[in-house]
Structure formats: structure tokens, C-alpha cells
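K.L.:
The lines below spell out each chain.
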Amino acid sequence: MNLRSPLSHVLGSGSAKEGTDHWWMQRVTAVALLILGSWFLYGLISLGSMDFEYAAVTDWASRPFHSVMLTLLVLTLGFHSSLGIQVIIEDYVHGPMIKVAALMLSKFTHVFVALTAVLAVFRLAFGAGA
Amino acid sequence: MNDSGRPLSPHLSVYRWPVTMTVSILHRATGAALSIGFAVLAIWLMSLATGEAQYSMVSEFLQSTIGCLLLIGWSYAFFFHLANGVRHLFWDAGRGFEKSQANASAWFVIVLSLALTVALWMLA
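Chain order of the listed sequences is A and B. Take the first sequence: its letters are residues 1493 to 1622, numbered as in the numbering used here. Take the second sequence: its letters are residues 44 to 167, numbered as in the numbering used here.
You may find that some hints are simply not true.
Claimed, not checked - One side only, chain A facing chain B, incomplete, derived with CB under 8 Å:
#1 I1537
#2 G1540
#3 Y1546
#4 P1556
#5 L1569
#6 G1570
#7 F1571
#8 G1576
#9 I1580
#10 V1592
Hints in this document: simulated from the structure, not taken from any laboratory. Using N, Cα and C, we set each Cβ at its ideal position, and we do this for glycine too.
Chain A with its partners taken away, still in its complex shape (with noise of 0.2 Å):
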């Protein structure tokens, strides 16, 4: 005798605990790249026409929607990274330990480079910098 529904039963029951959090995540994150990387297309190319010279570059950098955008593009890029890169470690690499090491280390390399993203943007933005 079970008094669970059928859909308590399988709601986080899977192996992963977690049901299709990893996938709907890579999805939203991309709609997101999409406008993002977009934008950052376009910020490269106007920067193009500068020739990347560092006042012009800095500038562009620092104002404040710019900086918006920045932070949002390299933390989102960010996570659809380490979601993608943590597929390819559980395709490809199968022995227990090995595979959680690679997965710890994918993710710890991710959260560094993000942050260093991050910081390097506020610190423009907030004038830290030379």
C-alpha cells in the first residue's frame, strides 16, 4: 500500500536528483548568449574600427550599461560553459575518481575564470584601475 501519487514518486527521483534542471538551464542560458554574444559581436566590431586602442577601449568598457551587459555576458557564458564542458567530461571519461576530478576541477576553472571576468569589468567600471 503506497498513498504516493504517481508523480511524487518520480519527481526528483531520478539518479541525478535533480530532473532536467541541467538541461533547461543550458537552454535558458543560451536564449541569453544569444542577445549577449550578440551585443558583444557588435561592441567588437564598433571597437574594430578604433583599432582596440587602449583609451578607446577602456572607455567603451567602463560606461555603465556596457558594464552591465559585460558582467551578464561573462557570467552566463560562464555557466553554459561549465554545463557544457561537464557533458563532455561525463561522455568521455569514466573511471569514478578520474571523472569526479576532472568534473571538480572543470567546474573550480570555471568559477575562477568567471570571477576574474568580473572583477576585471567592475574594476573598470568603478575606475580601480591605472
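With the hints as your guide, set chain B onto chain A.
P.N.:
Positioned in the frame of chain A, the structure of chain B alone reads:
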């Protein structure tokens, strides 16, 4: 092994390589390449925030022959992953699953990503 006389399923070596397979592999490969590009973006931003000397060091490398080749590669990876990502989103919405549609959209992604890469560097 096959002593029953029954037909074997086609093995990889006699399998006609479908274009959808190429695009699928390229989607993963370009994604991995863009992950490395993400780290380079972080380095570029950090050099910009550190000072002019550090920034010119990074720009000098990116404007060298190797740097330019890498940037062309990343721009192609960006366009390909973006275009094929949209293709995936259409699949997620339940559209474009027919074999003819999947083949056509695969070729479309290949041509579009190459065209956009060429257009970008003609412009640059």
C-alpha cells in the same frame, strides 16, 4: 562471430557519413573551443583593467599571426555554435525533425557560419 548467417548491422567503416553527424560533432568541438575563448576573454578584460602595458602585451599577441588565426577560429566557432544552437532550439520546440529538414538545416548552418566568418573578416 557472425556464424548464424544473419545480416550484421552496418559497421562504422561501411556507414555513409551523414552531414548531420558532422554538424553534431562540430557543435561539441566549437563549444569546447569557445570555452577556451572564454578564458582568453577573461585574460583580455583583466589586462585591460590592469593597465596599458599589460593590455598592449595581450593585444600584441592577439594581433600576431598566431593570434589572428586563433581569433578567426574563434569567430567561426562563435558563428557555428550560435547558428547550430538556434537549430537545437527549434528541435527543442519540436520542429525540424524530418530527415530532409535536418539535412537541409545542417547544410544551412555550415554555409551560414562560413559566410558570416568571411563577412566579419572582410569587414575587419
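K.L.:
If a hint holds in the structure, say so; if it doesn't, say that too.
P.N.:
Right, here's what the structure says about each hint:
1. A least Cβ separation of about 7 Å between A/I1537 and chain B falls short of the 8 Å threshold, and the interface hint therefore holds.
2. With a least beta-carbon distance of about 5 Å to chain B, the hint placing A/G1540 at the interface is held under the 8 Å criterion.
3. Because the beta carbon of A/Y1546 sits about 5 Å from the nearest beta carbon in chain B, less than 8 Å, this interface hint is met.
4. Of the supplied interface hints, the one on A/P1556 is violated, with its beta-carbon coming no nearer than about 16 Å to a beta-carbon of chain B, more than 8 Å.
5. Evaluation of the A/L1569 hint against chain B yields a held restraint, the C-beta minimum of about 5 Å falling below 8 Å.
6. Given the 8 Å rule on beta carbons, the hint for A/G1570 holds: about 7 Å separates it from the nearest Cβ of chain B.
7. At its closest, the beta carbon of A/F1571 sits 11 Å from a beta carbon of chain B; the interface hint therefore is violated under the 8 Å criterion.
8. The restraint placing A/G1576 at the interface with chain B holds, with a minimum CB-CB distance near 5 Å, inside the 8 Å limit.
9. Annotation: A/I1580 was flagged as interfacial toward chain B, and the flag holds, the nearest CB pair being 6 Å apart, inside 8 Å.
10. At a threshold of 8 Å, the smallest CB-CB gap from A/V1592 to chain B is about 20 Å, leaving the interface hint violated.
Taken one by one, the earlier hints fail for this structure at numbers 4, 7, 10, listed in ascending order.
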